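Construct the complete structure from the given sequences, taking the supplied hints into account.
So the sequences go chain by chain: H and L.
Just so we're aligned: the first sequence equals residues 1078 to 1355 in the numbering used here.
Just so we're aligned: the second sequence equals residues 6 to 274 in the numbering used here.
Fair warning: there could be bad hints in the mix.
[Stated by the list, open to error] In the EDC-like style, the derived pairs of lysine to aspartate or glutamate whose C-alpha atoms are separated by at most 20 Å in a straight line are:
1) K219/L x E1242/H
2) K1158/H x E179/L
3) K1350/H x D1291/H
4) K1099/H x D1291/H
5) K1307/H x D1276/H
6) K1126/H x E1199/H
7) K1203/H x D1265/H
8) K150/L x E222/L
9) K19/L x E1210/H
10) K1126/H x E234/L
11) K1278/H x E1109/H
12) K241/L x E1213/H
13) K1158/H x D1308/H
14) K1236/H x D223/L
15) K1278/H x D1308/H
16) K1126/H x E229/L
17) K1261/H x E1242/H
18) K241/L x D1276/H
19) K1126/H x E161/L
20) K219/L x E1079/H
21) K1158/H x E95/L
22) K1095/H x E1136/H
23) K1290/H x D1094/H
24) K241/L x E1191/H
25) K1126/H x D1094/H
26) K1236/H x D1265/H
27) K1158/H x E1199/H
28) K219/L x E229/L
29) K182/L x D1248/H
30) K241/L x E1199/H
31) K1126/H x E222/L
32) K1311/H x E1266/H
33) K241/L x E1192/H
34) K182/L x D1167/H
35) K1278/H x E1342/H
Honestly, the hints are just simulated from the structure, not real lab data.
Remember, predicted model here, so these are calculated numbers, not experimental data.
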Amino acid sequence: MEIIQMNNVYFRYRPSDKLVLKNINLTIQSGEWVSIVGHNGSGKSTLAKFMNALFTPIEGQVLVSGLSTSNVNNHTLIRRKVAMVFQNPDNQIVGPTVEDDVAFGLENCGVPYEEMVQRVQESINKMGLNGLELSEPHRLSGGQKQRVALAGAISMNPKILVLDEATSMLDPTGREEVIRYVQKLNRDENMTVITITHDLKEAVLSDRMVVMKDGAIIGNGLPSALLTNKDLLKQARLRQPFIYELVEALTCRGVPISVGQISEEELVKTLCKLQQQM
Amino acid sequence: MLDHVIIGQYVPGKSFVHRMDPRAKLICLMLFVVFLFISRHPFVLIGGLILTTTAFYYAKIPLRFYIKGMRFIVIIILFTFILHLFLTREGPAIFSTPIFTIYLGGVTQGGFMATRLLVLFIMASLLTLTTTPVALTDGLETLMKPLKKLGVPTHELAFMMSIALRFIPTLLDETAKIIKAQRARGANFTQGSLWNRLKAVIPIFIPLFVQSFKRAEDLATAMEARGYEGGEGRTKFRLLTWLKKDTYAVIVFALYALIVLIVKIGGGN
Ligand SMILES: Nc1ncnc2c1ncn2[C@@H]1O[C@H](COP(=O)(O)OP(=O)(O)O)[C@@H](O)[C@H]1O
Ligand SMILES: [Mg+2]
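Below, the structure written as structure tokens:
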């Protein structure tokens, strides 16, 4: 079932500006994990803001669960279905403590107290933040802060989770931590996940990858297929992830490895096996 | 230093006063401040002293925390005392030099005023020492609610205050970072003429300002994405619970107010 549909979407910030989004056509299925990649200024964040009606197209149409974002009356409902986590953890935590922040969205839509307490606790547990309920945000690590933002997002029981470079300000441990929880949400709760990133290592993990350049979509398909397409990557000014470069270099030298969807561990394992055989 | 700004002077604890509803504490303090200053009768001050010692006892906060927060206030109190000492010309002279004479009235007046101020500040610090700024904000918001009918945006004011509390530590962190960055580029904040030092501060505040606007924009987007649509139809996660002891505390302070009023009407000054 398609949960987000964008049809011929055009957008510019001010009437005098140039187009920031050009003829965007994108369909996202329920339960899918789609990553959107592209260089700085290619319009990824702008695109993301269309998914929960923070922006509406000047031309074209965006449907979320069949609801058009062009109708202002749908906005409240759409925003409850689509939760967003942004780049800078410090600029999106509103509450003075972890639990207060997780409760923020629930407070906004008037959830009764008892239910709110329960849902806040559930979300905190799901994001592995037990014991930090009363901590002040500025005492947390970057990864923890983003997990607080995630907990706040999922407390609303959204259908779709959009992460706009949510890991780009984190250290490698924090990144992995956040991605692990996101992966869990996608697998265990069948939540539709859209991650925007310019870290291609992260994109490798997703079901589908969308490549943007100057406000247009220039690639859309399996990460393993797109990441081996050198022309496309060059055009999008993206660097092939190290692991792909390595696999390619190895195949050039006649090492029998396929360039399918491969993770670092798998590669290490395969190489070890090959070593033993030799 | 950072901690001090963030939590105000709050000292965590589980005392009677800590567990009081912030609304009750605010009401008590307001009654106390108003009625302590309404009359100059010694009874009023004695009553105030008794209330303060009782509250101090029940708050179970070591004296050093009060002293830490009151260094500046002690100067004000001393100044008040000395002013009264030299300027009051009542009663018999008790000490005289060719330049000035100190009268008995000066000593009692000065002592009276100083005690009154001391009691006031102790009571006020009691509030901030036992209540988190967040709880204080909640308390103020509910107490201000009646003003909403007069068009005062009470929810917005309280929300602004809690956002400010949330961002003060973040901004302080950032200031520290910027200072370090500018130092690394050779900025000098501790030497040179006053003018030069002032000029050195500009490169701190400009990036801080720019960054704050960016933050405000991001925060507004995040809040909108999380369905914030103003105070209408919002529920609250943090509940204030008014217990019996809160009522008792308010009654005690109300009784004090009543006694002061009786003294005032019956006794003149
Ligand atoms: N608030 C704004 N006002 C005007 N132009 C903007 C605004 N935000 C982004 N842009 C422009 O839109 C383009 C796409 O930006 P953005 O969506 O943030 O890209 P990305 O997230 O891929 O880096 C850029 O050229 C940027 O300058
Ligand atoms: Mg962006």
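Each hint, compared with the structure:
Only pairs whose Cα atoms come within 20 Å are accepted, and K219/L paired with E1242/H is accepted, the gap being roughly 16 Å. A C-alpha spacing of about 34 Å is found between K1158/H and E179/L, which places the hinted pair above 20 Å, so the restraint is violated. The hinted pair formed by K1350/H and D1291/H fails the criterion: a straight-line CA distance of about 44 Å is larger than 20 Å. A distance of roughly 8 Å separates the Cα atoms of K1099/H and D1291/H; the hinted pair therefore holds under the 20 Å criterion.
Note on K1307/H and D1276/H: the hinted pairing holds, with a Cα-Cα distance of about 16 Å set against a maximum of 20 Å. Our distance criterion of 20 Å between C-alpha atoms is broken by K1126/H and E1199/H, whose separation comes to about 27 Å. Taking the CA atoms of K1203/H and D1265/H, the gap is about 11 Å. The hint holds against a cut of 20 Å. Only pairs whose Cα atoms come within 20 Å are accepted, and K150/L paired with E222/L is rejected, the gap being roughly 29 Å.
The suggested pairing of K19/L with E1210/H holds, with an alpha-carbon distance near 19 Å, which does not exceed 20 Å. Of the pairs offered as hints, the one joining K1126/H and E234/L holds, with about 17 Å between alpha carbons and a cut-off of 20 Å not exceeded. Of the pairs offered as hints, the one joining K1278/H and E1109/H holds, with about 18 Å between alpha carbons and a cut-off of 20 Å not exceeded. Between K241/L and E1213/H the CA atoms are separated by roughly 19 Å; this keeps the pair inside 20 Å, and the hint holds.
Under the criterion of a C-alpha separation no larger than 20 Å, the hint pairing K1158/H with D1308/H is inconsistent with the structure, at around 37 Å. For the hint pairing K1236/H with D223/L, the CA-to-CA distance comes to about 23 Å; that exceeds 20 Å, so the pair is violated. Between K1278/H and D1308/H the CA atoms are separated by roughly 18 Å; this keeps the pair inside 20 Å, and the hint holds. The straight-line distance between the Cα atoms of K1126/H and E229/L is roughly 11 Å, inside the 20 Å bound, and the hint therefore holds.
A threshold of 20 Å between alpha carbons decides the hint, and for K1261/H with E1242/H the separation of about 18 Å falls inside it, so the pair holds. Taking the CA atoms of K241/L and D1276/H, the gap is near 39 Å; set against the 20 Å cutoff, the hint is violated. The hinted pair formed by K1126/H and E161/L fails the criterion: a straight-line CA distance of about 26 Å is larger than 20 Å. For the hint linking K219/L to E1079/H, the alpha-carbon distance of about 35 Å lies beyond 20 Å, and the restraint is violated.
Distance check on the hinted pair: K1158/H and E95/L sit about 77 Å apart at the alpha-carbon level, beyond 20 Å; violated. The hinted pair formed by K1095/H and E1136/H meets the criterion: a straight-line CA distance of about 14 Å does not exceed 20 Å. A C-alpha spacing of about 17 Å is found between K1290/H and D1094/H, which places the hinted pair at or below 20 Å, so the restraint holds. Between the alpha carbons of K241/L and E1191/H the distance comes to roughly 11 Å, so the proposed pair stays at or under 20 Å and holds.
Between K1126/H and D1094/H the CA atoms are separated by roughly 18 Å; this keeps the pair inside 20 Å, and the hint holds. Pair hint K1236/H plus D1265/H holds up; C-alpha atoms about 13 Å apart against a cutoff of 20 Å. Note on K1158/H and E1199/H: the hinted pairing holds, with a Cα-Cα distance of about 18 Å set against a maximum of 20 Å. As the CA atoms of K219/L and E229/L are separated by approximately 15 Å, the hinted pair is consistent with the 20 Å bound.
The hinted pair formed by K182/L and D1248/H meets the criterion: a straight-line CA distance of about 18 Å does not exceed 20 Å. Between K241/L and E1199/H, the direct Cα distance comes to roughly 18 Å. Compliance with the 20 Å bound is thereby established for this hinted pair. Taking the CA atoms of K1126/H and E222/L, the gap is about 14 Å. The hint holds against a cut of 20 Å. Distance restraint check for K1311/H and E1266/H: the Cα-Cα separation of roughly 36 Å exceeds the 20 Å cut-off, and the hinted pair is therefore not satisfied.
Of the supplied pair hints, the one linking K241/L and E1192/H holds, its CA atoms being roughly 12 Å apart against a limit of 20 Å. Using a Cα cut-off of 20 Å, the hinted pair K182/L and D1167/H holds, with the two alpha carbons roughly 15 Å apart. At roughly 13 Å between alpha-carbon atoms, K1278/H and E1342/H fall within 20 Å of each other, so this suggested pair holds.
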